[in-house]
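The whole structure should be built from the sequences, with the hints applied where relevant.
For the protein sequence lines, the chains are E and W, in the order given.
One point on numbering: in my numbering, the residue at position 238 of the first sequence is 238, and numbering is uninterrupted.
One point on numbering: in my numbering, the residue at position 5 of the second sequence is 403, and numbering is uninterrupted.
One should not assume that every hint holds.
Stated by the list, open to error - No farther apart than 27 Å at their CA atoms in a straight line, the calculated lysine-lysine pairs in the DSS-like style are these: (1) Lys50(E) x Lys486(W); (2) Lys402(W) x Lys666(W); (3) Lys50(E) x Lys490(W); (4) Lys463(W) x Lys490(W); (5) Lys622(W) x Lys402(W); (6) Lys642(W) x Lys402(W); (7) Lys666(W) x Lys625(W); (8) Lys491(W) x Lys50(E); (9) Lys651(W) x Lys622(W); (10) Lys651(W) x Lys50(E).
Stated by the list, open to error - The calculated label-pair distances, taken between Cβ atoms and stated as ranges, are: (11) His234(E) x Pro616(W): 42 to 50 Å; (12) Thr551(W) x Gly335(E): 53 to 61 Å; (13) Gly614(W) x Leu211(E): 24 to 32 Å; (14) Pro553(W) x Phe349(E): 50 to 58 Å; (15) Met227(E) x Ala676(W): 52 to 60 Å; (16) Leu211(E) x Glu698(W): 51 to 59 Å; (17) Glu640(W) x Val204(E): 32 to 40 Å; (18) Glu45(E) x Pro574(W): 20 to 28 Å; (19) Gly492(W) x Asp186(E): 28 to 36 Å; (20) Pro553(W) x Trp115(E): 34 to 42 Å; (21) Gly492(W) x Phe349(E): 56 to 64 Å; (22) Ser258(E) x Ala566(W): 53 to 61 Å.
To be verified - Some, not all, of what chain E presents toward chain W, calculated at C-beta under 10 Å: (23) Val22; (24) Ile25; (25) Met63; (26) Ile66; (27) Val67; (28) Ala69; (29) Ser70; (30) Gly194; (31) Ile210; (32) Tyr226.
Since the hints were derived computationally from the structure, they do not count as laboratory data.
By construction, the Cβ of each residue, glycine as well, lies at the ideal position given by its N, Cα and C atoms.
Spelled out, the chains give:
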Amino acid sequence: MSEVKIITANEAAAEAAALCRVQVIAAYPITPQTPVTEELAAMVERGDLKAEYLTVESEHSAMASIVGASQVGARVFTASSANGLLYMHEMLHWAAGSRLPVVLACVNRGVGAPWTILNDQQDSISQRDTGWIQLYCRNNQEVLDTIIQAYRIAEQTLIPVMVCYDGFVLSHTNMPVEVPSQDEVDRFLPPWQGQGLLESGRFVNLNPLILSEPRPDAQGNLMPGYMELRHRLHEDVLASLAVIHHTDEEFQEIFGRSWGGLVWRYRMDDAEHALVSMGSLALEATRAADSLRVQGLRTGVIGVRAYRPFPASALVQALAAVKTVTVFEKDVSYGYAGALATDLKAALFDAGVSVKFSGFVAGLGGRDVAAGQIVQAATDAILNEPRYGWVDVRGSST
Amino acid sequence: MATKAAKELPREEHILPGSRSCAACGLMLTYRHALKALYPGKVIVTVPASCMTVLHGVYPITPVKVVCINNTFAATGASASGIVAGLKATGKKGYTVVAFAGDGGTYDIGIQALSGALERGTDFIYICYDNEGYMNTGTQRSSASPAGAITTTTPILSKLQQKKDMIAIVEAHRIPYIATASPSFPLDLYDKVRTAKEIRGPRYIEAHAPCPPGWGFPNKDLIKMGKLAVETGLHVLFEIREGKFGLTSWSLKLASKGRKKTVADYVKGQTRFRKITAEQIDRLQSFADEQWNYFLERHEKGC
Numbered sequence: 001m002s003e004v005k006i007i008t009a010n011e012a013a014a015e016a017a018a019l020c021r022v023q024v025i026a027a028y029p030i031t032p033q034t035p036v037t038e039e040l041a042a043m044v045e046r047g048d049l050k051a052e053y054l055t056v057e058s059e060h061s062a063m064a065s066i067v068g069a070s071q072v073g074a075r076v077f078t079a080s081s082a083n084g085l086l087y088m089h090e091m092l093h094w095a096a097g098s099r100l101p102v103v104l105a106c107v108n109r110g111v112g113a114p115w116t117i118l119n120d121q122q123d124s125i126s127q128r129d130t131g132w133i134q135l136y137c138r139n140n141q142e143v144l145d146t147i148i149q150a151y152r153i154a155e156q157t158l159i160p161v162m163v164c165y166d167g168f169v170l171s172h173t174n175m176p177v178e179v180p181s182q183d184e185v186d187r188f189l190p191p192w193q194g195q196g197l198l199e200s201g202r203f204v205n206l207n208p209l210i211l212s213e214p215r216p217d218a219q220g221n222l223m224p225g226y227m228e229l230r231h232r233l234h235e236d237v238l239a240s241l242a243v244i245h246h247t248d249e250e251f252q253e254i255f256g257r258s259w260g261g262l263v264w265r266y267r268m269d270d271a272e273h274a275l276v277s278m279g280s281l282a283l284e285a286t287r288a289a290d291s292l293r294v295q296g297l298r299t300g301v302i303g304v305r306a307y308r309p310f311p312a313s314a315l316v317q318a319l320a321a322v323k324t325v326t327v328f329e330k331d332v333s334y335g336y337a338g339a340l341a342t343d344l345k346a347a348l349f350d351a352g353v354s355v356k357f358s359g360f361v362a363g364l365g366g367r368d369v370a371a372g373q374i375v376q377a378a379t380d381a382i383l384n385e386p387r388y389g390w391v392d393v394r395g396s397s398t
Numbered sequence: 399m400a401t402k403a404a405k406e407l408p409r410e411e412h413i414l415p416g417s418r419s420c421a422a423c424g425l426m427l428t429y430r431h432a433l434k435a436l437y438p439g440k441v442i443v444t445v446p447a448s449c450m451t452v453l454h455g456v457y458p459i460t461p462v463k464v465v466c467i468n469n470t471f472a473a474t475g476a477s478a479s480g481i482v483a484g485l486k487a488t489g490k491k492g493y494t495v496v497a498f499a500g501d502g503g504t505y506d507i508g509i510q511a512l513s514g515a516l517e518r519g520t521d522f523i524y525i526c527y528d529n530e531g532y533m534n535t536g537t538q539r540s541s542a543s544p545a546g547a548i549t550t551t552t553p554i555l556s557k558l559q560q561k562k563d564m565i566a567i568v569e570a571h572r573i574p575y576i577a578t579a580s581p582s583f584p585l586d587l588y589d590k591v592r593t594a595k596e597i598r599g600p601r602y603i604e605a606h607a608p609c610p611p612g613w614g615f616p617n618k619d620l621i622k623m624g625k626l627a628v629e630t631g632l633h634v635l636f637e638i639r640e641g642k643f644g645l646t647s648w649s650l651k652l653a654s655k656g657r658k659k660t661v662a663d664y665v666k667g668q669t670r671f672r673k674i675t676a677e678q679i680d681r682l683q684s685f686a687d688e689q690w691n692y693f694l695e696r697h698e699k700g701c
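Set out below in structure tokens:
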């Protein structure tokens with residue numbers, strides 16, 4: 001039977017990894033991820049979780065070692081944040097290029113310099129182009145459920161999955177979380193058998209030097225070149241849209257909870273104005289939408305759960321009928337705009353959807369974003385000229 | 399039991415024709431004899447970006463009969479830790495995990511991951527093939543390059559610093575087995591890998607791997623260069639088992655007979671030392687003398 005516990009998102013992540021019967025964990029401490037690794041270490045030392053726990057000397061080694069463990073068939077887990085995630089960057093590419101079902105919990109934190117330990121999403125957004133699936137969570141229950149879903153998605157697609165949730169806002173905040181029973185999780189997530197690297201008994205040279213062009217093997221079969229492998233990864237990440245969607249449906253059948261698959265909607269049925277966001281900021285936007293409706297602006301919220309692959313069709317469909325779209329996000333691509341705004345605007349343009357479009361950068365380095373600030377920025381964007389802007393930059397005209 | 403003659407070595411070759419390594423590659427010869435020692439058995443080799451990557455060929459063809467996992471330059475030790483943990487967690491028994499990295503991947507970019515794996519007590523063999531520079535990218539200076547060597551990043555003044563003391567760094571981790579080897583002494587190399595295979599915990603072997611294109615000597619002199627390095631005391635052959643130190647092979651003979659060759663004999667056959675000054679040769683000779691005397695003293699004390 002499931003059990004309701006009052007826990008933080010970090011504890012929920014550790015519970016989820018244990019319920020997924022992860023076999024090798026490697027992690028290096030960084031605030032605000034640290035409690036995930038401490039909790040898992042305690043589970044392993046107590047004997048509650050039968051796993052190998054590697055206390056590595058860096059995040060690069062954390063990812064390198066779970067890549068090695070995954071290559072020989074183990075189900076693996078790690079977690080990181082901010083500069084730790086950036087230190088892994090090379091290995092994130094390597095994990096995706098190796099087509100390994102690695103799952104990482106990213107506890108979102110702003111990136112130095114200068115140092116901040118508080119939340120924004122610059123860290124995971126900076127890993128956008130590594131070939132990983134990225135899922136963003138809005139509360140602690142979704143963190144637990146999404147990590148369980150992540151293993152099914154990763155093992156089905158052979159694409160690593162990053163489960164992102166906001167540092168401190170979720171990671172250190174207690175909420176009631178329904179923790180499913182081991183039996184339920186086992187029914188949803190069968191044991192991982194690996195890719196049979198060793199079982200085949202063959203000699204292999206894994207991830208070798210490869211030319212751009214296809215080349216015949218010793219038997220004369222034409223094998224893909226570098227470019228074909230990159231194309232295959234791209235196509236498979238795109239195709240994982242359906243897997244993410246279906247996995248959430250199948251999850252609902254067993255656990256009775258759905259998180260919307262790729263995107264979730266709040267009061268969108270009659271909405272003329274849409275606020276679009278990711279993670280806990282999207283949840284705050286629902287309160288702003290309620291207020292905007294009181295002001296007479298029929299507003300709804302689209303929460304982007306899957307950021308990579310980018311659910312362009314689902315978003316276009318969800319936004320086809322609105323007059324304005326306003327994005328709020330905790331990241332920026334310096335010299336242009338927020339990443340989500342850029343991607344969403346391109347998707348709408350491609351689909352010929354013409355809306356008044358604004359994008360706001362908010363809440364960097366833990367700056368609190370109150371619903372009232374979202375209301376203020378959204379009202380301005382809805383009623384006045386569309387623009388890219390920043391919320392609550394003090395001592396400046398924005 | 400020490401192997402006495404080449405005919406006692408296993409005849410089976412694990413590197414087949416078609417390797418992409420250069421002619422007369424010291425690494426190739428090291429790898430060849432190491433694989434003879436590792437087999438029969440279940441072997442997984444983990445390799446960073448290096449000459450070894452090239453040796454293993456271009457996809458989808460490889461000339462090496464082994465399970466090889468390529469990884470990133472800095473990751474070798476961590477990769478080995480992960481493979482060992484993964485095997486244990488999934489109940490796959492009886493594997494020997496061997497990391498094979500060059501001096502750049504060991505002394506420089508890989509030193510952190512190596513230190514981590516040694517400190518954690520990962521049950522694996524780490525073999526550093528030391529060709530004294532970034533040879534795969536075209537002979538750039540590494541911290542293993544000898545003083546006085548011209549490299550493409552020390553093109554005019556030559557390398558000004560002496561070689562890093564990697565053995566001391568490894569030894570500070572108090573691991574059960576450390577050895578040095580040379581492809582010019584294949585029986586000694588073979589025996590050390592055999593010995594390492596039977597020990598549990600982290601094991602480190604450093605093989606001095608002469609590189610004709612990087613060092614600038616004719617292919618035919620590969621064995622000679624490796625021998626000269628040992629005869630001069632620039633590379634000393636020994637084993638440290640559970641803290642017990644002993645010279646081996648040719649270095650053991652030199653312990654009683656004394657060294658007859660000088661650093662000057664060694665450098666004159668290599669174009670990388672073409673600009674070495676008399677003063678630099680003296681300093682390199684002092685480096686070799688100090689190193690030799692240090693190891694000789696340890697040999698006499700046995701620890």
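We went through each hint and held it up to the structure:
no.	hint	verdict
1	Lys50(E) x Lys486(W)	holds (11 Å)
2	Lys402(W) x Lys666(W)	violated (32 Å)
3	Lys50(E) x Lys490(W)	holds (15 Å)
4	Lys463(W) x Lys490(W)	holds (20 Å)
5	Lys622(W) x Lys402(W)	holds (20 Å)
6	Lys642(W) x Lys402(W)	holds (23 Å)
7	Lys666(W) x Lys625(W)	holds (14 Å)
8	Lys491(W) x Lys50(E)	holds (17 Å)
9	Lys651(W) x Lys622(W)	holds (17 Å)
10	Lys651(W) x Lys50(E)	violated (51 Å)
11	His234(E) x Pro616(W): 42 to 50 Å	holds (48 Å)
12	Thr551(W) x Gly335(E): 53 to 61 Å	violated (33 Å)
13	Gly614(W) x Leu211(E): 24 to 32 Å	holds (30 Å)
14	Pro553(W) x Phe349(E): 50 to 58 Å	holds (52 Å)
15	Met227(E) x Ala676(W): 52 to 60 Å	holds (54 Å)
16	Leu211(E) x Glu698(W): 51 to 59 Å	holds (54 Å)
17	Glu640(W) x Val204(E): 32 to 40 Å	holds (35 Å)
18	Glu45(E) x Pro574(W): 20 to 28 Å	holds (25 Å)
19	Gly492(W) x Asp186(E): 28 to 36 Å	holds (29 Å)
20	Pro553(W) x Trp115(E): 34 to 42 Å	holds (40 Å)
21	Gly492(W) x Phe349(E): 56 to 64 Å	holds (58 Å)
22	Ser258(E) x Ala566(W): 53 to 61 Å	holds (59 Å)
23	Val22	holds (9 Å)
24	Ile25	holds (9 Å)
25	Met63	holds (8 Å)
26	Ile66	holds (6 Å)
27	Val67	holds (6 Å)
28	Ala69	holds (3 Å)
29	Ser70	holds (7 Å)
30	Gly194	holds (7 Å)
31	Ile210	holds (4 Å)
32	Tyr226	holds (9 Å)
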